[in-house]
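Asks: So the chains spell out like this:
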Amino acid sequence: MKWEQLCQGLAEEGFLRLACDIAPRLIQGTATTFQLTMLAIGLGLAGGILLALGRVYGNKLIYWVSTAYVQFVRGTPVLVQLFLIYYGLPTFEIRLDSLTAAIIGLGLNSAAYQAEYFRGAIQSISRGQMLAARAIGMTNLQAIRYVILPQALRIVIPPWSNELIYTLKYSSVAFIIGAPELMATGQIIASRNFRYFEVFLIVAFIYLVCVLIISKLLDIAEQKLKIPGLEMR
Amino acid sequence: MRAIVRWGVVVGVLAVALGIWGLAPQAQTQVFRVCSDIAWPPFEWVDAKGEFVGFDLDVMRIIAILKGYKITIQNLGFDSIIPAVQAGQCDIGASGFTITEERKKVVDFSDPYWESNQSVLVRADSGLNIITAFKPGNKIGAQRGTTGAQWVEDNVIKQGIAVELKLYETYPLAEQDLINKQLHAVVEDEPAAKVAVKASKGVLKIVGIIMTEERFGFLVRKGDPLKLLPRINDGMKEMKKKSIWNNLVEAYFGVDVNLERITQCWADLKGWLDKNQPEAYAENLAACMAGESYKKP
Chain Y
1 MKWEQLCQGL
11 AEEGFLRLAC
21 DIAPRLIQGT
31 ATTFQLTMLA
41 IGLGLAGGIL
51 LALGRVYGNK
61 LIYWVSTAYV
71 QFVRGTPVLV
81 QLFLIYYGLP
91 TFEIRLDSLT
101 AAIIGLGLNS
111 AAYQAEYFRG
121 AIQSISRGQM
131 LAARAIGMTN
141 LQAIRYVILP
151 QALRIVIPPW
161 SNELIYTLKY
171 SSVAFIIGAP
181 ELMATGQIIA
191 SRNFRYFEVF
201 LIVAFIYLVC
211 VLIISKLLDI
221 AEQKLKIPGL
231 EMR
Chain E
1001 MRAIVRWGVV
1011 VGVLAVALGI
1021 WGLAPQAQTQ
1031 VFRVCSDIAW
1041 PPFEWVDAKG
1051 EFVGFDLDVM
1061 RIIAILKGYK
1071 ITIQNLGFDS
1081 IIPAVQAGQC
1091 DIGASGFTIT
1101 EERKKVVDFS
1111 DPYWESNQSV
1121 LVRADSGLNI
1131 ITAFKPGNKI
1141 GAQRGTTGAQ
1151 WVEDNVIKQG
1161 IAVELKLYET
1171 YPLAEQDLIN
1181 KQLHAVVEDE
1191 PAAKVAVKAS
1201 KGVLKIVGII
1211 MTEERFGFLV
1221 RKGDPLKLLP
1231 RINDGMKEMK
1241 KKSIWNNLVE
1251 AYFGVDVNLE
1261 RITQCWADLK
1271 GWLDKNQPEA
1281 YAENLAACMA
1291 GESYKKP
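Listed in order, the protein sequences are those of chains Y and E. Quick note: the first sequence, position 122, residue 122 per my numbering, numbers continuous. Quick note: the second sequence, position 61, residue 1061 per my numbering, numbers continuous.
Simulated from the structure, these hints should not be mistaken for laboratory data. Where a beta carbon is used, it is the ideal one built from N, C-alpha and C, also for glycine. Misleading hints may appear alongside valid ones.
Stretches of chain E that chain Y covers, calculated by requiring three or more beta carbons in the stretch to come under 8 Å of a beta carbon on chain Y [unchecked claim]: (1) 1082-1096; (2) 1143-1151; (3) 1156-1170; (4) 1174-1183.
Straight-line C-alpha distance at most 30 Å; calculated DSBU-like pairs for lysine-lysine [unchecked claim]: (5) E/K1222 with E/K1241; (6) E/K1181 with E/K1158; (7) E/K1139 with Y/K169; (8) E/K1158 with Y/K2; (9) Y/K2 with E/K1241; (10) E/K1105 with Y/K2.
Turn these sequences into a full structure, and let the hints guide you.
Replies: The following block contains the structure:
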């Protein structure tokens, strides 16, 4: 049985009928939102760890470059960044489709914020551990890889969950450059049937459910990764 | 800690004070809120000084003078205007709205004031014509919530021609994307497309007109609770009788649509509107646009 036929049974013009009719398009929008969020957060994770390490352990040049990046990105609105990437880059013959532009824009943006979370976590681990690791003959990189990061990555989970949730919600601004995510889908539907309140009520509900699911998963991850007896001082 | 509380109180009091100041009662004459998506020349656009210029807005200003009320103009996204009118956040929607059955279900329209067709805009160097522009797989741009977007959906995509319709916040963004080679064509109303061609200095061209024969109307809340439609319709009739209408049309849609020129003329002549003399305004605006001598207020 086709989806449209399934909806036929519901009262015409009613809320449930509307929800049923637009569900397939909203689900597609939600899938795009997920794709956008996950790729952006992944890009941000890789970038954020590198930037944080650069800001804590880097030499003068690396410190300066990564600090400048973090300040620039945090100091400018994400909408402006998206416009620069999507409408600005074609000036240099660089053309990205809107979804790619949104992923890169949100990813670069998230990297700056994640860098600060990671920096905080790394710096909360006492200096003595680094010195001890060096004293038993580890190189700097080994100490970071085997002593500092395993602890820092655990500490960072609670604040980092915030970043994931923010990115999911922030991804809604990508509608402005035409990325077909959930917000854009809602707007396109509402601009045709003028039932803004009902359509966006459903959109809000979908975002809420996504956020609740993500928070729960992160809670579980935090519990699973916990090392009994390890406490930070 | 106490310092934080103290500062918190100060900030809170300031915020509340600002809020109350914003809510202070307005002047006594009736003021209506006209909402428009001011990014669609020659019907409405924002000039270099940030002033709202355009045919729709002048018609609104002149009717207000003729009918003795005041207006404030608000710049809103095109597809937000109808919901804002429905919700009573705007009293009049004036943004080149085509009168459609779908829209008539949720708002009321004035008498039609303009007729327009859709046009197909491409890059001049693309070699596309009105047929090849809609080849399956091509990317077609339009503004969200417009009849242009609807036309592509209903008459191209639903007919089984799988073009990719990309929807934008405003038409100028779609035109920019066309210039940036991210789109094959843009579908939009003819007068605005002509302005885009002119402004692009030869980069864009119109390859065809689709005879949709749309009629534009001003729109108000369903049932017209503020009794605006009789005043708007009457005002338009009066404008036509006093040949204000013809002069405006000549100024904004004349052979040589030139945004810089009309912005200049408008800045020189808007004083006539402040003096409540719409006839002198329209006459001089047409003269200014035609390159004839005109009288500043």
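Asks: Starting from the hint list further up, note which numbers the structure goes against and sort them upward.
Replies: 9
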